[in-house]
Amino acid sequence: MDQLFALAVTVPLAVAAGICAVRPFFDRRRWLLDLAAIVTAASVVVMLAFIMVRVRGGDQVYWFAGFRPSHGVAIGIDFEAGSLSAGLATVGAVLVTAAMTFSWRYFERVATYYHALMLIFLAGMTGFCLTGDIFDLFVWFELMGVAAYALTAYRPEERGPLQGALNFAMSNSIGAYFSLSGIALIYGGSGALNMAQIGAWASRHPSSRLVVVAFLLILAGLLVKAAILPFHFWLADAHAVAPTPVCVLFSGVMVELGLYGIARVYWSMFSGGLGHQQGLSRLLLAVGVATGVVGALFCFRERHLKRLLAFSTISHSGILLAGIGLLTPLGLTGAAVYIIGHALVKGALFLCAGIVLHRLGTVDEVRLHGQGRPLRVTGLVFIVASLGLAGMPPAATFLAEGWFDEAAPGWALAIALACAVVTSGAVLRAGLGVFYGLGDPPFEDPRQAQEAAEETGETETGRHRTPLTMIVPAAMLAGAAIAVGCLGFTGLGTAVQAAAVRFQDQRAYIATVLHGARVSHPVALYPPGPADVSPVAVATGLALAAGSVAFALLTLYRRRLRLPIRRWPRATAIAEGFQSGVINDYVAWLVLGLACLGGLIALIVR
Amino acid sequence: MQIFPFIIVVWIVAIGLYGIVTSRHLVHQIICLIVVQSSTYVLLLGVGYLNGGTAPYFFDIPLHTRVVDPVVQALALTDVVVEAAVTALLLSFAIQAHKRFGTLDPQELASLRG
Amino acid sequence: MTPAARRWVFLAGAVGLAAFYLFGLSGLPGFGHYPGPYGFIISRVAVPQTNATGVVSAVNFEYRGFDTVGEEFILFAAAAGMAVVLRQLRGEHEGPPVDEAADRDLPPGSEAVRMVALLFTGPIVLIGWWLASHAQANPSGGFQGGVVIATGFVLLYLSGEFRVFKRLSPADVTDAVEAVGAGGFVGTGLVAVALHLPYLQNFLPRGTVPGAVSSSGTIALISFFVGLEVTAAFIIVAGELLRQTLLVRGGER
Amino acid sequence: MTALASAFAPSAGLADALQVTLLLLVAAGATAVVLVRARVRQVLVLSVYGLLLALLFLAFQAPDVTLSELTVGSVLLPAVILLTLAKVRKREE
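Respectively, the protein sequence lines represent chains A, B, C and D.
Residue numbering for the first sequence follows this note's numbering, starting at 1 and increasing by one per position.
Residue numbering for the second sequence follows this note's numbering, starting at 1 and increasing by one per position.
Residue numbering for the third sequence follows this note's numbering, starting at 1 and increasing by one per position.
Residue numbering for the fourth sequence follows this note's numbering, starting at 1 and increasing by one per position.
These are computed hints drawn from the structure, not numbers from a lab.
Check the hints yourself; a few may be wrong.
[Stated by the list, open to error] Example chain A residues on the side facing chain B (calculated, C-beta under 7 Å, incomplete): (1) VAL22; (2) GLU142; (3) VAL146; (4) ALA165; (5) ALA184; (6) GLY188; (7) ALA517; (8) SER520; (9) ILE574; (10) ALA575; (11) PHE578; (12) GLN579; (13) ILE583; (14) ALA588; (15) LEU592.
[Claimed, not checked] Facing chain D, according to a computed beta carbon distance under 7 Å, are these residues of chain C, among others: (16) ILE41; (17) GLN49; (18) VAL147; (19) VAL148; (20) THR151; (21) VAL154; (22) HIS196; (23) LEU241; (24) THR245.
The structure presented is a predicted model; accordingly, all values stated were derived computationally and were not measured.
Where a beta carbon is used, it is the ideal one built from N, C-alpha and C, also for glycine.
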């Protein structure tokens with residue numbers, strides 16, 4: 001059974017190589033190719049589900065090539081699976097399966113590479129989640145990155161995808177090289193690459209210069225991936241232009257993997273060595289909330305459907321960072337639950353946007369206004385998913401609110417809730433406008449109109465109807481979000497909290513990895529929290545959903561209600577100045593952002 | 001000699017990033033990215049160096065010879081592959097972008113896109 | 001942002017970041033004082049454990065072999081990505097290769113240059129082969145060997161023989177070889193799994209002579225597959241770019 | 001100030017002097033790669049930079065990395081970039 005750890009990564013890789021080896025064979029057997037890829041992705045879901053069951057009682061470790069550590073020193077590479085890491089990998093695999101189903105006969109040309117790249121991306125995600133070795137983490141991070149760059153530029157006939165892929169690849173590569181420098185730095189001090197071993201070393205050298213600087217440098221690549229202010233610029237450019245099934249993965253899980261990486265790196269390597277939890281927590285909270293606000297504002301003024309969803313991802317990523325940045329089990333629990341729910345509903349939303357693009361050939365909210373009426377099922381799924389995004393019970397996202405309510409300081413919570421109302425209100429506005437023709441279309445904006453016009457259909461045939469393979473995955477994802485939410489009434493929250501407590505216990509992690517100990521955490525011993533669904537969570541969820549609907553209706557009917565909402569050309573110009581699409585700007589901001597973060601962390605820790 | 005090689009590392013990163021920020025040509029930016037990455041090789045091999053150590057090949061030296069760290073060399077090798085892969089992919093983007101836009105100036109690319 | 005503003009933003013950040021970075025680097029034990037223990041242990045145990053005298057190859061293909069799986073697929077994904085991005089688009093066709101010769105940034109192909117390049121190709125491919133097959137002993141291995149072989153093929157082009165290049169490396173074959181190389185590596189690991197060993201554990205008998213090709217178990221086998229993968233990947237990369245210089249859009253000339 | 005001086009003073013022997021020289025050359029090479037903006041010349045400079053790096057790695061006792069850097073950094077990548085420039089230049093003119 002242990003072998004599942006290795007198989008979950010290597011089977012998709014082997015299949016990817018296999019389908020490329022016999023590429024001409026698939027030329028006339030497209031269905032076989034699609035089927036092979038879907039079956040592989042689904043089998044990874046099953047393997048990861050088995051792993052989740054296996055690690056319920058305590059984390060498990062797998063040593064590649066059989067090189068076990070002796071005397072607390074590791075010479076091989078290990079996979080370390082806990083409930084959170086295996087769970088996130090499962091979410092990723094589910095989304096890949098849904099995306100592969102959605103893209104059944106989606107691309108007419110050079111299809112084999114698409115399938116191979118998606119499977120490689122899947123393997124990269126799984127490896128990234130499970131690995132317990134910091135350099136191995138970097139390798140899977142890069143593998144995921146390279147596959148993602150290539151997938152972003154999948155339609156080189158268009159202009160946007162190239163621009164988006166270039167900015168994406170440049171920003172992420174620079175971030176990754178900083179991460180690698182950090183890895184080299186910590187290796188130079190500790191002489192170890194195993195995260196547990198580094199953690200043990202760092203705890204013996206608390207707050208040393210090396211630990212502080214290596215922490216920030218390693219974080220750099222992950223912050224870029226997680227699209228945290230001011231490293232977020234690439235995201236909208238890339239997410240808006242990638243093929244829809246790829247967007248599902250980018251927004252649903254790739255960004256969250258960056259956040260997971262931050263949590264993994266912090267708790268397995270640095271939590272003992274850095275100390276100063278309060279100060280660090282305040283910093284992460286501030287950065288996260290700021291990202292949430294900026295993402296929400298950009299989301300609100302956007303009218304290109306996919307860009308709108310992309311900015312909402314930035315906003316949610318910020319809120320999630322704030323949740324993780326509380327550095328408490330409750331905050332992490334909330335973030336983990338939210339990631340599951342968000343991945344499912346965001347996936348559904350992107351798939352709906354893809355269906356709109358397939359049927360109507362555009363993603364411009366203004367031009368689409370009222371045009372989506374014939375797409376009844378799609379409209380329904382879209383509205384349900386956007387209510388889920390707002391956190392309406394029983395979608396899984398609402399569960400998170402209970403934990404955040406409990407854990408976060410009041411000011412941060414208030415801002416986070418406001419961000420949620422604005423982003424989901426903007427998504428709802430788009431949904432109600434496009435599918436039901438409510439109110440008036442948003443303001444005209446020549447630049448955005450041009451951007452949206454660039455995005456023409458991805459599909460070449462069959463525009464007159466929505467194939468089942470498109471709508472079913474979207475509906476399934478939305479349904480899964482609700483199903484997971486219902487699990488919340490049967491103790492999901494308790495299980496996740498236990499997982500979070502375990503995830504944050506660095507000593508137990510080190511003992512598990514380096515000394516083969518089997519540590520089990522009785523949940524009851526840990527800080528009291530809402531074990532099951534609290535009335536507060538339900539109330540907050542309902543209030544958020546109501547607020548979002550009200551906000552959406554207000555913006556849709558602003559003219560008839562004579563609301564004093566108008567365009568602010570100056571604000572628009574400033575916003576566009578930041579989101580300029582020029583990679584030089586992005587790199588300049590990246591460097592400045594890293595310098596500021598570095599200075600602050602150094603001040604806090606030393 | 002204690003920190004001197006690492007000063008060079010910082011210089012290489014800084015000059016490479018400076019090139020990316022000020023460049024008006026995508027291919028040049030990609031070349032600067034290669035420079036940024038090359039700093040990581042120097043850093044990796046620098047932290048693994050041992051005064052008086054020889055290369056870790058025991059073909060014709062006794063087993064207990066003082067050798068430099070072989071692990072960082074393996075990591076640097078991986079790093080070189082990553083560099084080659086990313087560079088090749090970026091160059092193909094640049095070629096295709098040039099076909100679509102007729103320019104490789106990032107500023108113009110951004111304004112042409114809309 | 002204007003270029004000037006951008007430069008100021010960057011300079012402010014770069015000065016701060018460089019100071020911060022140096023601050024961290026000054027916490028290292030210092031150049032030439034590698035503290036261990038990872039490298040020390042590997043240097044001691046690698047030869048007895050793996051029978052490979054080239055410790056770097058032992059790390060790459062055995063101790064940290066799983067990293068190398070990821071690394072090979074990075075290359076694989078990049079080659080696949082290039083094939084996707086540079087595919088022949090509508091309205092493009094391949095122009096005749098002749099008139100491109102003048103376009104290269106090289107002295108116009110004199111017979112002497114062509115002969116020298118051609119003469120080099122054979123030995124270079126041989127050197128590459130030797131490198132790829134002696135991973136366990138010398139500073140060499142599949143990756144270096146593969147790159148050298150691919151360079152040999154690129155030399156063929158520089159000698160003006162693009163048609164030879166194309167004939168020797170038709171797209172479907174290089175694709176298949178690349179996939180076999182990458183798949184073979186993953187598969188070698190899976191064989192271990194089938195034998196109920198941990199993934200990538202050596203399952204071949206090790207010989208008695210340290211450093212001989214046959215004595216280090218799976219290291220030589222993996223190195224061979226890596227060599228295949230790398231050779232094919234770089235030939236694909238170079239081939240795609242070469243093809244691009246021949247692609248012309250309809251109506252353009 | 002003494003710390004600075006000791007940082008730059010080679011402590012022992014010829015190996016150190018060689019390493020210091022190569023490190024300085026590499027720094028100069030990196031600067032040159034970035035500052036040379038002429039299209040084709042920068043590729044040649046990059047190739048030389050790859051060669052310098054390879055020599056530095058040899059001085060760092062890493063023949064494996066030297067070989068890779070030599071083949072990738074100073075031959076293959078410059079060749080690939082030249083091909084790109086050739087393609088791009090054709091349309092620029």
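Hint check, failures only
Of the numbered hints given earlier, those the structure breaks are 1, 7, 8, 9, 10, 11, 12, 15, 16, 17 and 22, listed in rising order.
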